[in-house]
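Participant: So the sequence lines, in the order shown, correspond to chains H and D.
Counting with the working numbering, you get residues 1 to 248 for the letters of the first sequence.
Counting with the working numbering, you get residues 1 to 309 for the letters of the second sequence.
Bear in mind the hints are in silico, worked out from the structure with no lab data behind them.
Given the structure is predicted, the values throughout are model-derived calculations rather than measurements.
C-beta: ideal position from N, C-alpha, C; glycine also.
Certain hints may be false.
Stated by the list, open to error - Chain D side only, calculated, beta carbon under 8 Å to chain H, not exhaustive:
| hint | residue |
| --- | --- |
| 1 | 171 |
| 2 | 182 |
| 3 | 190 |
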Amino acid sequence: MDNHVTTQPALSIQDVTRSFGGLVAVNNVSFDLHENEVIGLIGPNGSGKTTMMNLISGALKPNNGEIRLYGENIAGAPAADIAHRGVARTFQIVRMLPSLTVLENAEAGGVFGHAKMWGAELHDRARELLQRVGLEGIENRPVSTLTYIDQKRLELARALISDPKVLLLDEWLAGLNPSELRTGIALIEQLANEGRTIIIVEHVMDAIRSLCSRCVVMSSGVKIAEGGTAEVLADPEVIRAYLGDENA
Amino acid sequence: MNSEVRTFGIAVILFLAAATLPLISSGYLLSIGVSIAVYTVLATSWTLFSGPTNYISLAVAAFFGIGMYVVAGGIDLLPFPVLVLIGAVVGALFSAIVGLATLRISGVYFVIFTLGLAELIRQVVSWGQATMGTSSGLYVLTDFTDPQIYWALLVLAAVVFLIGWWIGRSRLGFALRIIGNDEVVAVHSGINTARAKVILFVISCTFASITGALVAPRYSYVEPTIAFNPFISFQVVIMALLGGVHRLWGPLLGVIPFTILWELISANFPTQTTLLLGAAFLLIVYFIPHGIVGLIESGIQKWKGDQHG
Numbered sequence: 001m002d003n004h005v006t007t008q009p010a011l012s013i014q015d016v017t018r019s020f021g022g023l024v025a026v027n028n029v030s031f032d033l034h035e036n037e038v039i040g041l042i043g044p045n046g047s048g049k050t051t052m053m054n055l056i057s058g059a060l061k062p063n064n065g066e067i068r069l070y071g072e073n074i075a076g077a078p079a080a081d082i083a084h085r086g087v088a089r090t091f092q093i094v095r096m097l098p099s100l101t102v103l104e105n106a107e108a109g110g111v112f113g114h115a116k117m118w119g120a121e122l123h124d125r126a127r128e129l130l131q132r133v134g135l136e137g138i139e140n141r142p143v144s145t146l147t148y149i150d151q152k153r154l155e156l157a158r159a160l161i162s163d164p165k166v167l168l169l170d171e172w173l174a175g176l177n178p179s180e181l182r183t184g185i186a187l188i189e190q191l192a193n194e195g196r197t198i199i200i201v202e203h204v205m206d207a208i209r210s211l212c213s214r215c216v217v218m219s220s221g222v223k224i225a226e227g228g229t230a231e232v233l234a235d236p237e238v239i240r241a242y243l244g245d246e247n248a
Numbered sequence: 001m002n003s004e005v006r007t008f009g010i011a012v013i014l015f016l017a018a019a020t021l022p023l024i025s026s027g028y029l030l031s032i033g034v035s036i037a038v039y040t041v042l043a044t045s046w047t048l049f050s051g052p053t054n055y056i057s058l059a060v061a062a063f064f065g066i067g068m069y070v071v072a073g074g075i076d077l078l079p080f081p082v083l084v085l086i087g088a089v090v091g092a093l094f095s096a097i098v099g100l101a102t103l104r105i106s107g108v109y110f111v112i113f114t115l116g117l118a119e120l121i122r123q124v125v126s127w128g129q130a131t132m133g134t135s136s137g138l139y140v141l142t143d144f145t146d147p148q149i150y151w152a153l154l155v156l157a158a159v160v161f162l163i164g165w166w167i168g169r170s171r172l173g174f175a176l177r178i179i180g181n182d183e184v185v186a187v188h189s190g191i192n193t194a195r196a197k198v199i200l201f202v203i204s205c206t207f208a209s210i211t212g213a214l215v216a217p218r219y220s221y222v223e224p225t226i227a228f229n230p231f232i233s234f235q236v237v238i239m240a241l242l243g244g245v246h247r248l249w250g251p252l253l254g255v256i257p258f259t260i261l262w263e264l265i266s267a268n269f270p271t272q273t274t275l276l277l278g279a280a281f282l283l284i285v286y287f288i289p290h291g292i293v294g295l296i297e298s299g300i301q302k303w304k305g306d307q308h309g
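Model the full assembly from the supplied sequences, consistent with the hints where possible.
Facilitator: This is the structure in structure tokens:
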């Protein structure tokens, strides 16, 4: 981890705050994500994780603070601009493009975003990624025929085709059965081994343990812990936040 | 590629066949032909924008009327072709302004705004003519004959189809389809959704203005109630939905039967046209939501299924 300290972080969140009316969903949160690093953003329901993902990807604008992507402040920039600069995401509730084929769904991420492809190059890359996520051979099927995990795989392919500098996975493993979960974790592990830079929002602790070297823990909009995954998960305050006071 | 060449070949043959109409008939049939050509351009260009995005625009009459009024207002000063060009430019500029102002609003608000827009322009033009002390309309006296108007519209239709074909294969067309499916995915995929929508809206509206300009000589006397008639907008929507908005040639399949039916209705039941138009709209939306194209395609699929089964 030490070698990261001197280099510029891939993503640097500095004192970011976002409130909705009286509710402060993200309260003065700061953390860094370094290149080639996979970190977990965890916390109980309603702790502000998805809001944080929305702030990074530009779906929401922060009231305060800076979000720097390789030094450039992207806080408050339009979502399309942020995608151009190299942030790609999946969604908590999977979002398919129902009137498009499987192949076109994957291609949708590769035309206008960080990587810009068209024609044969786009088709080839999309096919390659579909194979990568385990969807080869069904390129021309309508997406409505896909199972839930296959839709999740497709969404991942759509995010990867833009060759993002930072990939945001918002509960990508949620709703999968145990065997699908193993496949899913293996897939993200591969991405990590390739040196992708990823933030994972997840409730599946096994996944966090095996995928993330570091974790940031949020509770009620505030960052309550940050550090190596094993120690963070053993932190009494984190356990209290997850399980409630009476169990601590 | 082969099927594309074949489709193109069929299109050229149909186009040439359609072009012979003025040689065969000069009266009633040609006038129906002109109506079909007008609505083919209007409905197809409307679908270029509204088909993929699902933004229902009722502004066709506004832009059609603008084109018509540019010709009517300038016919004593400038040659007709120049006026058509000016009509196109005015329509494009105006639709760009309207698009920039409105395409951030979505759904039903957009529909209502576009409907209000046509009415607003009609009222402004009426008021303008009244305060300038001119009569309520303008004379459009040219030596352009119905066959010439028909051929000009046919060429315009061909241009719309070519542009539609090109958009369908372009990044812009792909962007529009993504936007129509899910605008959230679109922005996070890096699509500048506002720009894509405005470009398509301008293309679509410009064709409506050119159409209005081209048919102006057909009405020797133009007044706001004719040029900005909201029925034009409604009919375009109905025809496009009847044909089907997910194929470039879909609206054409709605325009031809509807125009013929409309001629029959207005000839035989001139006082009940509005009622029948409303009824037609309800029936189409209820019974053939995917249009004639949808019927044909599901028929083909069923037939193929039967073959395999």
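Participant: Flag every earlier hint the structure violates by its number, smallest first.
Facilitator: No hint contradicted; all consistent.
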